[in-house]
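Visitor: Now for the letters of each chain:
Number of protein chains: 2
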Amino acid sequence: LKTDGFLIDLDGVLYVGNRPVGGALDAIGWLIESGRPFRCLSNTTRKCRKTIAGQLSAMGFPIPEEYIFTPPRAAVAYMKAAGKTRFQLLATGDVDRDFVGAGTMNPPQADFVIVGDAGDALTYDSLNAAFRHLMDGAALIALERDRYWMAHDGLSLSAGPFVAALEYATGQQAIVVGKPSKSFFALALADMGLRPDQVAMIGDDIVTDIAGAQAAGMRGILVRTGKFREESLAGSGVKPDGIIDSFSRIREITGA
Amino acid sequence: LKTDGFLIDLDGVLYVGNRPVGGALDAIGWLIESGRPFRCLSNTTRKCRKTIAGQLSAMGFPIPEEYIFTPPRAAVAYMKAAGKTRFQLLATGDVDRDFVGAGTMNPPQADFVIVGDAGDALTYDSLNAAFRHLMDGAALIALERDRYWMAHDGLSLSAGPFVAALEYATGQQAIVVGKPSKSFFALALADMGLRPDQVAMIGDDIVTDIAGAQAAGMRGILVRTGKFREESLAGSGVKPDGIIDSFSRIREITGA
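In order, the protein sequence lines correspond to chains A and B. Numbering follows our numbering, with no gaps: position 69 of the first sequence is 50. Numbering follows our numbering, with no gaps: position 130 of the second sequence is 111.
Rather than coming from a laboratory, the hints here were simulated on the basis of the structure. Worth double-checking, as some hints may not be accurate.
Pairs count within a copy or across copies, as identical chains cannot be separated in the list.
[Stated by the list, open to error] For lysine to any residue, the following SDA-like pairs were computed, each having C-alpha atoms within a straight-line distance of at most 25 angstroms:
| # | residue 1 | residue 2 |
| --- | --- | --- |
| 1 | Lys61 | Phe209 |
| 2 | Lys163 | Thr235 |
| 3 | Lys61 | Gly41 |
| 4 | Lys208 | Gly152 |
| 5 | Lys208 | Gly118 |
| 6 | Lys208 | Gln153 |
| 7 | Lys208 | Arg113 |
| 8 | Lys208 | Met116 |
| 9 | Lys208 | Glu148 |
| 10 | Lys163 | Asp222 |
| 11 | Lys208 | Asp117 |
| 12 | Lys65 | Ile13 |
| 13 | Lys65 | Val2 |
| 14 | Lys208 | Arg128 |
| 15 | Lys(-17) | Thr85 |
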């Protein structure tokens, strides 16, 4: 089967920590030189696209900002399609920069409450304001709904628990716009002008990357780097279309 | 059927806002003079028992502090029975005073995380600390798990959403010690030395008061004050053992 294009997860696939995965720089170079289309698809919600592109560049990856798809981009597309753009954003870091020009941020009346990794932006008052918007008719958008992540000082709450809190309080179900949402994959596919059956998703998360890609009609290729664990693969019930030791082996699955 | 003793909800039954329900002062006076045992059973977690007794006294109710049962008392009993007393408390107001002498509050290693109405005590860091204790083996105690309450400036998140957040993050199920927990009713029954079948619970909440009391083997008497609404009664599927216009009609159900 020929693969025309790729969707590539970032953390754990191209790099771990702040270091490129061995051979990943060459593999990205080869993709670019051979003219094969690709986009990067990450669920990170703590950094804006520009910051991510800068960090990739510092590691040696020449990946333009426009190639990077993170959940804020999906949220902006969702609001645009809905024709409503007043939103309250609960998120940390500089991710708010991905929402500049997308509508009215933190208005008195909101159409959407958007929850990402909130960190210190999370206070009783900010969560209560979100709750009140939801009770007044706003819809709840979750950039992702992970349970926790490993911060430098230990396990730390991710966006999921706060999404769950607002769902419990309001009886409303969140719209998840990050992976494994089909519309998020579709955004990146449309940007490449490719159909799902022409594309393989490369990731280290068996659920959001592999099962998610397969449910969206793509192939899912698992890498044995990042958060990959044999046990999670065995226990997942998911069968990847391919497994490679690392992103450096990308040529093997092009069918070229 | 003769009723030997009473469990009485506070807010909405004896008072609404800061004003006694019409006839409630006389009705409590009659209970006391006639020597009928009673205890007050409330799910409030924002005030300690001493503060509640003081507010009752200011309204004219001569109810001693020891007659007041709130979820902290149930939590303390739960920890004592478990033989472990190191706890992190996430709560607001002066409710921490009900935990004085109950064990070690906010230790480096906790056996329990106890969540009440957290209000301003709720920060990302305090919730994250709770999360880490739970991941290190602490058990989660919910003083109650209401969704929200009506504060002076509008609907506001109660303990439930934060309990739900911690459950989502950890995969752990909270132990709810407030109404309608059977062990909470049992604490107050034991304090009166009465069996469930000798006692009626008087409340305005069809679920936590009436269905809760019935599940614990008591009679449940609904009052048409406080949060009582005909629709919630009709839609509840719960059949109270009696309905009275207000607490002032308490004599009618004593069987005396």
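Visitor: Mind listing which of the numbered hints don't hold for this structure, in increasing order?
Guide: Hints 1, 3, 12, 13 and 15 contradicted; others consistent.
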